[in-house]
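For the protein sequence lines, the chains are A and V, in the order given. The opening position of the first sequence corresponds to residue 1 in our numbering, with each subsequent residue numbered one higher. The opening position of the second sequence corresponds to residue 1 in our numbering, with each subsequent residue numbered one higher.
Calculated directly from the structure, the hints in this document are not laboratory data. Incorrect hints may have been included.
With a straight-line Cα cutoff of 16 Å, these simulated EDC-like cross-link-like pairs (lysine to aspartate or glutamate) come out [unchecked claim]:
id, chain 1, residue 1, chain 2, residue 2
1, A, K133, V, D32
2, A, K176, V, D33
3, A, K662, V, D33
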Amino acid sequence: MKELTKEQVITKTLCYHCGEECSDDSFRINDKIFCCNGCKTVFELLDENNLCNYYSIEQSPGTTRKYHTKRNYDFLDDEELKQKLIEFSDGKKTNVTFYIPQMHCSSCIWILENLYKLDNGIISSRVNFLQKKLFISFAEKITSIKKIVELLDSLGYEPLLNFDSTNETKTESNYKNLYYKIGIAGFSFGNIMLLSFPEYLSINVAEHTELKKIFAYINILLSLPVFFYSSNDYFISAWKGLKKKIINIDVPLALGILVLFVRSLIDILFFEGAGYLDSLTGLVFFLLIGKVFQNKTYETLNFERNYKSYFPIAVTIKEGNKETTIPIDKLKVGKRIIIRNNEIIPADSILIKGTGNIDYSFVTGESIPIEVKNGEMIYAGGKQVGSAIEVEVVKEVSQSYLTQLWNRSIFSKKDESKITSFANAVSKHFTIVVITLAIIASVVALPNYKLAFDAFTAVLIVACPCALALSSPFALGNTLRIFGKNKFYLKNTFVVEKLASIDTIVFDKTGTITERENPEVEFLGNDLTQHEKKLIKSSVQNSTHPLSKAINNFIKDTDILKVDYYEEIIGKGIFAIIKDDEIKIGSEKFVTQKEDEQTESTKVFVSINNNVIGYFVIKNKYREGLKNIIEELRINYDIALLSGDKEIEKNNLKEIFGEDKKLFFNQSPHDKLNYIENLQKENRKVLMIGDGLNDAGALKQSDVGISISDNTNNFSPASDGILESNSFSLLNKFINFSKSTKKIIIISFVLSLIYNIIGLTFAFEGKLTPLIAAILMPVSSISVVVFTTFATNILAKKKGLI
Amino acid sequence: MQIVVILIAASLIVALIFLAAYLWAVKTGQYDDKFTPSIRILFDETKKEKND
Numbered sequence: 001m002k003e004l005t006k007e008q009v010i011t012k013t014l015c016y017h018c019g020e021e022c023s024d025d026s027f028r029i030n031d032k033i034f035c036c037n038g039c040k041t042v043f044e045l046l047d048e049n050n051l052c053n054y055y056s057i058e059q060s061p062g063t064t065r066k067y068h069t070k071r072n073y074d075f076l077d078d079e080e081l082k083q084k085l086i087e088f089s090d091g092k093k094t095n096v097t098f099y100i101p102q103m104h105c106s107s108c109i110w111i112l113e114n115l116y117k118l119d120n121g122i123i124s125s126r127v128n129f130l131q132k133k134l135f136i137s138f139a140e141k142i143t144s145i146k147k148i149v150e151l152l153d154s155l156g157y158e159p160l161l162n163f164d165s166t167n168e169t170k171t172e173s174n175y176k177n178l179y180y181k182i183g184i185a186g187f188s189f190g191n192i193m194l195l196s197f198p199e200y201l202s203i204n205v206a207e208h209t210e211l212k213k214i215f216a217y218i219n220i221l222l223s224l225p226v227f228f229y230s231s232n233d234y235f236i237s238a239w240k241g242l243k244k245k246i247i248n249i250d251v252p253l254a255l256g257i258l259v260l261f262v263r264s265l266i267d268i269l270f271f272e273g274a275g276y277l278d279s280l281t282g283l284v285f286f287l288l289i290g291k292v293f294q295n296k297t298y299e300t301l302n303f304e305r306n307y308k309s310y311f312p313i314a315v316t317i318k319e320g321n322k323e324t325t326i327p328i329d330k331l332k333v334g335k336r337i338i339i340r341n342n343e344i345i346p347a348d349s350i351l352i353k354g355t356g357n358i359d360y361s362f363v364t365g366e367s368i369p370i371e372v373k374n375g376e377m378i379y380a381g382g383k384q385v386g387s388a389i390e391v392e393v394v395k396e397v398s399q400s401y402l403t404q405l406w407n408r409s410i411f412s413k414k415d416e417s418k419i420t421s422f423a424n425a426v427s428k429h430f431t432i433v434v435i436t437l438a439i440i441a442s443v444v445a446l447p448n449y450k451l452a453f454d455a456f457t458a459v460l461i462v463a464c465p466c467a468l469a470l471s472s473p474f475a476l477g478n479t480l481r482i483f484g485k486n487k488f489y490l491k492n493t494f495v496v497e498k499l500a501s502i503d504t505i506v507f508d509k510t511g512t513i514t515e516r517e518n519p520e521v522e523f524l525g526n527d528l529t530q531h532e533k534k535l536i537k538s539s540v541q542n543s544t545h546p547l548s549k550a551i552n553n554f555i556k557d558t559d560i561l562k563v564d565y566y567e568e569i570i571g572k573g574i575f576a577i578i579k580d581d582e583i584k585i586g587s588e589k590f591v592t593q594k595e596d597e598q599t600e601s602t603k604v605f606v607s608i609n610n611n612v613i614g615y616f617v618i619k620n621k622y623r624e625g626l627k628n629i630i631e632e633l634r635i636n637y638d639i640a641l642l643s644g645d646k647e648i649e650k651n652n653l654k655e656i657f658g659e660d661k662k663l664f665f666n667q668s669p670h671d672k673l674n675y676i677e678n679l680q681k682e683n684r685k686v687l688m689i690g691d692g693l694n695d696a697g698a699l700k701q702s703d704v705g706i707s708i709s710d711n712t713n714n715f716s717p718a719s720d721g722i723l724e725s726n727s728f729s730l731l732n733k734f735i736n737f738s739k740s741t742k743k744i745i746i747i748s749f750v751l752s753l754i755y756n757i758i759g760l761t762f763a764f765e766g767k768l769t770p771l772i773a774a775i776l777m778p779v780s781s782i783s784v785v786v787f788t789t790f791a792t793n794i795l796a797k798k799k800g801l802i
Numbered sequence: 001m002q003i004v005v006i007l008i009a010a011s012l013i014v015a016l017i018f019l020a021a022y023l024w025a026v027k028t029g030q031y032d033d034k035f036t037p038s039i040r041i042l043f044d045e046t047k048k049e050k051n052d
């Protein structure tokens, strides 16, 4: 019975649209309750158009509209911007693609593919769920991009507009090429195997020499596309490496493929042999499969974001009395721009008109807005909270304080230079040894040129490091998947190797080790009466200020009174009149008329009828298990903390991190980058964990940069990996696991070396028949693949990661 | 033994047809999105294309 009532309470308070908890049932239609007016409006819109199927596919599929502010999309009427978005247009039909981060369930797919029911001009819409993309074709005569975007926004699927997405098509054709190559290699491999069967079974072909010849020639034909097309990546990569005087893993592979091909051609054309074409095609086929496994990427996540993804695409400028929108890259110094509520300031500027109340959470991580007066500087990346302001640009977008970070050399470097994988490191020695052995083998047989050639090629064939080349992709690829299952997403497999070698860990503070949402709230003063609670909640619930929201969430189980007068004084607080009571909530100065004291925490004072009744203390909550994690990590790693904030909470942090640990406060984005750079000069391998744009430089500079995110759909700066905040406590396990993966790779290297040695003994004895090569090659490859995959899985189970 | 040659030619042609089908499938983007179609097929309504 108790159970039942509990359940009833839960179902009663969840929003029908988004599933969030509702504070009361003031927004309702019949039996359906909504958490806010926004959710209710979406429902009404869908209901009107007979689209309520949306709610029957998944329960509460929407996203909450509580904190939504309507954006101005006027800039989408700009012809130039429109052309950038439009992919194709023939006058009748126009195609655009939107990236929609909010897409998360099958209801989303359904509603987005039924958009034509809501807008007559939309001809069709199609979703790619994993990439979170929506392809729309529409008639420009009936509707416009602006209208479509506004429609999407009103449904809670605000598209993320980004105008420099040129590199995407490239990766797409890359994957297609790989698939073509595998298809062709697999086709040739299968057929050549089939045609080689007489050879395997040593069928006496003396009477069928003609047939044997035909088979061999067909084999050559089949292997041509494999040699010239499917394997060309290995030759290109080996050549590139050699030009830079690096012997990468592709050098011995390319050498092996080349020798296999040449030797087979000579055997077949001049000596009526069978050749090793089955081994050749099999090798290429397996290697390419390894490549697919290694190339596993999280399509939904974007690891390459820079400030442009956060900044607006267009700004409203004011010339004389006229307001126009221009694309952000045309913004010049001296222009006056209008910044409305919740808009981001795109360039360093000076406040001309209005009251600035700037939220610098992107820049410093601190989300409580700062008041800015006329004539004062506002830095790019800040967000205006409150009424519109007018500012004059004093620095270009790319030269502003925050964005300058991206001009530093670290951002123009290509990632590849950082990659020195274990396989590549080994291959150098491996190649030298193999070539020496091949020369020795041929010298020994020297007077007999044919035998010398056979021995030379045989050594190169068996020493082809196929198993070696497969062990890394499979071990690392599998680790990547295991991490992915635990909500830790890495950009590519190289990150696993780099993670295994780190010795220093640097944390950001706000948003990284503290929770972004749900701060800790405490009321100091006399116990609040029910009436006082009502008054406070009724006043703060109208405000979008983060502190008001925190207090609103803190006071539960009260109803709300009608507010007769309400005023929000930006940077100070709230003044409200409810019936006969005057309520003031805000800073100490605003409420008590005394100067603010510098304190360790954020305080919000409350007075009712000029009688100060106490204050709320609002603290960032540390992430769950933070203390344990740091304690575990402290044993093996050097730990530091870089905070963009003031020194408040220093004592608390010392307790967690230990007295001797390095804690730095008031760090600018540049300071953070420099700190990492200095560590690296001391030959440290640094893991940086951060979350905001202010950490972007440090994340990029560090050997492994991981950004932490409450929700992977949200923005996160460019990094090597994204860790969902729920999995923060597993951090130590992840690092340990990547170390174990490295050990597994080393063991499988040894395993594959044993195969090579077995093969070499055959080669030295001159017994390397095509049959032995055809058995040895797949057996070694498959056993290595099986070993690495099983070993990583067993280990993951042991560590509780699967 | 002539028949073996003919059979092999026939089998290669069949295999080539399958290879061509695979390459066509990749080319037309059928491997672009391996997830959404599996959900789309479960929706009741058939979507109608409006062409005018």
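Hint check against the structure, violated hint numbers in rising order: Structure breaks hint 3 only.
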